[in-house]
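Q: In this text, residue positions in the sequence shown follow the numbering used here: the first is 10, and each later residue adds one.
Where hints are given, some of them may not hold.
What the hints assert, rightly or not - Think about it this way: if two alpha-carbon atoms lie no more than 30 Å apart in a straight line, the pair counts; the simulated DSBU-like pairs of lysine-lysine are:
no.: 1; residue 1: Lys63; residue 2: Lys45
no.: 2; residue 1: Lys44; residue 2: Lys55
no.: 3; residue 1: Lys44; residue 2: Lys58
no.: 4; residue 1: Lys45; residue 2: Lys55
As the list claims (entries may be wrong) - Computed spacing ranges between beta-carbons, pair by pair:
no.: 5; residue 1: Arg101; residue 2: Ser56; range: 36 to 42 Å
no.: 6; residue 1: Asp91; residue 2: Gln69; range: 28 to 34 Å
no.: 7; residue 1: Gln104; residue 2: Thr70; range: 49 to 55 Å
no.: 8; residue 1: Glu73; residue 2: Glu102; range: 28 to 34 Å
no.: 9; residue 1: Arg101; residue 2: Lys58; range: 49 to 55 Å
It should be emphasised that the hints constitute simulated quantities derived from the structure, not laboratory data. Virtual Cβ for every residue (Gly too), placed ideally from N, Cα, C.
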Amino acid sequence: MKRIQKGPICGISLKLKEEERERRMDFVPEWMMLKKRNEELEKTLKSSKQREEKMKSELQTAWERLRVAEEAGRRLENEGKDRGHEGGDREREEQCFGRELKADRAADQTWYGVQKNNFSNDTEGIQFGD
């Protein structure tokens, strides 16, 4: 086969020539594979850098929002202290409201239970006409 690579040979079968030609056409040099792989990696790197920049800008926006929220929280705390309230007043009010709501709900359930029992007791003694 090495003789075929050097040049044409008289009397060689066409089948061998065809096989050798196909082998040469299918052969991809190593530098060509490396070049192609390098291009793929460069595309991946470029998309990764773009994604990184996008994430950095989103992170910066989130940090800015957090800073504004913390600053607003500090202002509210200071306002409450200036008025003589502690910062946890709102939380206590919400807890009290929740307790009141539960108590109202329990009272409603009790009232409905009493009404239901009274209705059933009223109808027990009544006889309908035959």
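Q: Hint by hint, say whether it matches the structure.
A: Evaluated hints:
1. This hinted pair checks out: lysine 63 and lysine 45 have alpha carbons roughly 28 Å apart, not beyond 30 Å.
2. Our distance criterion of 30 Å between C-alpha atoms is met by lysine 44 and lysine 55, whose separation comes to about 17 Å.
3. Straight-line distance between C-alpha atoms of lysine 44 and lysine 58 comes to about 21 Å, which keeps the hinted pair within the 30 Å bound.
4. The suggested pairing of lysine 45 with lysine 55 holds, with an alpha-carbon distance near 16 Å, which does not exceed 30 Å.
5. The hinted range of 36 to 42 Å is not satisfied by arginine 101 and serine 56, whose Cβ atoms lie roughly 52 Å apart.
6. Restraint check, aspartate 91 to glutamine 69: a C-beta distance of roughly 33 Å satisfies the suggested window 28 to 34 Å.
7. The hinted window of 49 to 55 Å between glutamine 104 and threonine 70 is violated, with their beta carbons roughly 34 Å apart.
8. Between glutamate 73 and glutamate 102 the CB atoms are about 31 Å apart, so this pair conforms to the stated range of 28 to 34 Å.
9. The beta-carbon spacing between arginine 101 and lysine 58, approximately 51 Å, falls within the hinted interval of 49 to 55 Å.
Of the hints listed earlier, those the structure fails to meet are numbers 5, 7, in rising order.
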